[in-house]
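Residue numbers (the numbering used here), protein chains in the order written: chain A, 1 to 426; chain B, 1 to 426.
Each hint should be verified, as a subset may be incorrect.
Where chains are identical, the list cannot tell them apart; a pair therefore holds if satisfied intra-copy or between any two copies.
[Unchecked claim] Lysine to any residue pairs mimicking SDA-like chemistry, simulated, CA-CA at most 25 Å apart:
#	residue 1	residue 2
1	K284	L197
2	K2	G37
3	K258	D125
4	K28	L62
5	K284	P240
6	K120	Q41
7	K218	D411
8	K261	V101
9	K175	Q187
10	K28	R99
11	K258	D411
12	K120	K261
13	K284	G193
14	K261	R100
Note that these hints are calculated values from the structure, not bench results. Remember, it's a predicted structure, so these values are computed and weren't measured experimentally.
There are 2 protein chains.
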Amino acid sequence: MKCDILVIGAGALGLSAAYHLKRGNPEKSVLVVDRHGGPGQGNSAKSEGAFRNTFTSETNYLLADSTIDWFTHMQEDLGHDIKLGFLGYLWLFSEEQHRRVTPAIRRMMERGVELRELGKEELQDAIPDLVTDLGDDEEVELMGLESVETGLFCPKSGSLDADALVRSYEEEFLKLGGEVSYGTEVQRLVLKGEPELGIPGEPFVWQEARITGAETGKGEIEAETTIVAAGVWSETLLDPIGVDAMMRPKKRQLFVFKDPKLEGLMDVKGLNEEGALPLTVLPKSAVFLKAEVTEGSVWLGCADDIGRPFDLEDDPQAEEDYYTDSLYHVLVKYFPCFADLRPMNSWAGQYAVNSLDGAPVVSGEPGMIYVGAASGSGIMKCDALGRIVAAFHAGEEEAELYGGRRFRVADLGVADRRVERETFII
Amino acid sequence: MKCDILVIGAGALGLSAAYHLKRGNPEKSVLVVDRHGGPGQGNSAKSEGAFRNTFTSETNYLLADSTIDWFTHMQEDLGHDIKLGFLGYLWLFSEEQHRRVTPAIRRMMERGVELRELGKEELQDAIPDLVTDLGDDEEVELMGLESVETGLFCPKSGSLDADALVRSYEEEFLKLGGEVSYGTEVQRLVLKGEPELGIPGEPFVWQEARITGAETGKGEIEAETTIVAAGVWSETLLDPIGVDAMMRPKKRQLFVFKDPKLEGLMDVKGLNEEGALPLTVLPKSAVFLKAEVTEGSVWLGCADDIGRPFDLEDDPQAEEDYYTDSLYHVLVKYFPCFADLRPMNSWAGQYAVNSLDGAPVVSGEPGMIYVGAASGSGIMKCDALGRIVAAFHAGEEEAELYGGRRFRVADLGVADRRVERETFII
Numbered sequence: 001m002k003c004d005i006l007v008i009g010a011g012a013l014g015l016s017a018a019y020h021l022k023r024g025n026p027e028k029s030v031l032v033v034d035r036h037g038g039p040g041q042g043n044s045a046k047s048e049g050a051f052r053n054t055f056t057s058e059t060n061y062l063l064a065d066s067t068i069d070w071f072t073h074m075q076e077d078l079g080h081d082i083k084l085g086f087l088g089y090l091w092l093f094s095e096e097q098h099r100r101v102t103p104a105i106r107r108m109m110e111r112g113v114e115l116r117e118l119g120k121e122e123l124q125d126a127i128p129d130l131v132t133d134l135g136d137d138e139e140v141e142l143m144g145l146e147s148v149e150t151g152l153f154c155p156k157s158g159s160l161d162a163d164a165l166v167r168s169y170e171e172e173f174l175k176l177g178g179e180v181s182y183g184t185e186v187q188r189l190v191l192k193g194e195p196e197l198g199i200p201g202e203p204f205v206w207q208e209a210r211i212t213g214a215e216t217g218k219g220e221i222e223a224e225t226t227i228v229a230a231g232v233w234s235e236t237l238l239d240p241i242g243v244d245a246m247m248r249p250k251k252r253q254l255f256v257f258k259d260p261k262l263e264g265l266m267d268v269k270g271l272n273e274e275g276a277l278p279l280t281v282l283p284k285s286a287v288f289l290k291a292e293v294t295e296g297s298v299w300l301g302c303a304d305d306i307g308r309p310f311d312l313e314d315d316p317q318a319e320e321d322y323y324t325d326s327l328y329h330v331l332v333k334y335f336p337c338f339a340d341l342r343p344m345n346s347w348a349g350q351y352a353v354n355s356l357d358g359a360p361v362v363s364g365e366p367g368m369i370y371v372g373a374a375s376g377s378g379i380m381k382c383d384a385l386g387r388i389v390a391a392f393h394a395g396e397e398e399a400e401l402y403g404g405r406r407f408r409v410a411d412l413g414v415a416d417r418r419v420e421r422e423t424f425i426i
Numbered sequence: 001m002k003c004d005i006l007v008i009g010a011g012a013l014g015l016s017a018a019y020h021l022k023r024g025n026p027e028k029s030v031l032v033v034d035r036h037g038g039p040g041q042g043n044s045a046k047s048e049g050a051f052r053n054t055f056t057s058e059t060n061y062l063l064a065d066s067t068i069d070w071f072t073h074m075q076e077d078l079g080h081d082i083k084l085g086f087l088g089y090l091w092l093f094s095e096e097q098h099r100r101v102t103p104a105i106r107r108m109m110e111r112g113v114e115l116r117e118l119g120k121e122e123l124q125d126a127i128p129d130l131v132t133d134l135g136d137d138e139e140v141e142l143m144g145l146e147s148v149e150t151g152l153f154c155p156k157s158g159s160l161d162a163d164a165l166v167r168s169y170e171e172e173f174l175k176l177g178g179e180v181s182y183g184t185e186v187q188r189l190v191l192k193g194e195p196e197l198g199i200p201g202e203p204f205v206w207q208e209a210r211i212t213g214a215e216t217g218k219g220e221i222e223a224e225t226t227i228v229a230a231g232v233w234s235e236t237l238l239d240p241i242g243v244d245a246m247m248r249p250k251k252r253q254l255f256v257f258k259d260p261k262l263e264g265l266m267d268v269k270g271l272n273e274e275g276a277l278p279l280t281v282l283p284k285s286a287v288f289l290k291a292e293v294t295e296g297s298v299w300l301g302c303a304d305d306i307g308r309p310f311d312l313e314d315d316p317q318a319e320e321d322y323y324t325d326s327l328y329h330v331l332v333k334y335f336p337c338f339a340d341l342r343p344m345n346s347w348a349g350q351y352a353v354n355s356l357d358g359a360p361v362v363s364g365e366p367g368m369i370y371v372g373a374a375s376g377s378g379i380m381k382c383d384a385l386g387r388i389v390a391a392f393h394a395g396e397e398e399a400e401l402y403g404g405r406r407f408r409v410a411d412l413g414v415a416d417r418r419v420e421r422e423t424f425i426i
């Protein structure tokens, strides 16, 4: 089998890259392969589908902000129902946190990010179910929980249906004549020496080593360019050829609740049109929750850090204990309406965590482009990253993001990386 | 078992850290554990034992330059026979390479690095066995080999006996009352929640997770502070607690030659007192060789990049094919005296490669300090890194390196890392 461009991975990043590559190279054959039976069945579909333009790093801001504009275009102009909901993000800060993040908030505002600061009373009025003042009972003290002093509301953010998003990209890609092959598992990248001699043991150290495609369960696929967009699984392809995926996989869990007690969270005032709870980040332990308007449920997650292993799992599972023993105790102090509730559903996926700067990587080796290390924000940056991959492939110095802003391709690379460290991480 | 400071790993980094920690904290108990039966038996003793102060990054320069001064102090003042030999490094450049590296050479010279540029004829006079002009035979063209145009000689560099070095650190550490426990394998770091409740499942997300020591084959060792200095094996300790070791392990091989044909390499003129071949880097494929004066042999290695897997191996082996099929063909063009020679000995170790900036990492989590990702230059930076670990432990902003220069501790961390990317890598 042969193609001009082979894309490994039919998640949000792979399909966006494939779409933009095909768009820029209509004469080239572009083939997307994935081991799953359809698009987005790795970690894309397990994502909470949240997006925000609230990043302290200029890089992350540009990637996300332009991708959010593209989401609107996709839904409003291209007619894809990706269930785009601008519910907003709401960061709840204790007094001390607020002091610490104030310079970052100011910088984001100067950059043009729409942000609204809410005082304790405004928060209380908007979300009657939220307890801002935790008092000083023994448990609160033991757990180190702090009262909410302020909220930071970011309107250009919310959530979408990640599954619908990848399907929309796939549809647009197929319309352009792109090809997909599901149920095709890549076993390894093929590395050849140039000039090729056909001798066992190549590539030798004096040859240029070049990626010439991939060995799959359905045979070898030769390609001029291979795009590695396999998310957390990218390391299983890149490690054997000695290329660093610049990320480690970490499990993230989501718990879903549906209960009459939570109806107040669907009746929030003055924050968004839907009157629903924005994606709300608690002051402690990066616990967050959001209303899922279309199904009338509330989703709960947590960006746990130290203590949560780095480990590549094929089928990570949510742990009920994690909710009952860990998250619940934090959650119920700020949202007592969760008292005695248990999740009706839960699942887990994996983040590809870049510990150094929290920004994605787009880098190349001869015959190959790698896009990944998206650190849990791949979906909300997928359109910009797809365009950057296409610009990299075309040998352009800058990519044009949706809406016309320009982005220096090498900024996301390894050799000449220029990325500010992100400090708003969840 | 209990100690104040537990150091995991008795390699160059672990023992240097232990020594400087004990020196700064004579009242504290400092215990070094290692699964091997003695010091430096992981990758330290497998190293080529080379050192140089020729780095383009200011950080790497400071770390190595001050450590080299310490080596001299160790040998001349403290009386340790670490077989320090200032044979020098000699980088051979093609015309095009020379053009490319000229700005970096100028920057290093401005910084005060002693460097000497040699023309083709000077090289020829110094090393009669070196072929600078490769001609244009078919093989040379096929292999993309280029003639040598210039050489860059760096006198403040050379090699030492890595085994003697770690034993010297151990001796100094033991003199101060430090303790070692060999044959003690660490199975995992112990992570506890604070405040500790004694409930299964800790640490919960709302607790501060703290490393309180390590579980070993000889029982649990409790420590106020645990230093992780386990080289490439650090990831097996850090992954389970979700801390990124910021490096991937890559095999490096060394081949040893002893033959009357190589006697000319022990009779080099005008470069060093010993009249022996400096550590010489060929213009192609990062192949290097050096005279090992004390045993009258020549060591050959290669810093292979793409194509050489990232993979953690407990007992990596040298591959004879790698010499005969890959290195030999490059080597023999520049040094025909190797014609038909086979290595009399060979072995392999692993580099802990930091792909992003090629500099080491010293970072912390509650109760723990990690030092690693030294990217193959851990031995030549070991003294500075040990001092930086000790300064980190003392909560100092700056470390004083040997000779008095100061170094900002956070520069090697993750959260506030400030490191120039290294471009002189072998």
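Would you pick out the hints that fail for this structure and give their numbers low to high? 4, 6, 7, 8, 9, 10, 11 and 14
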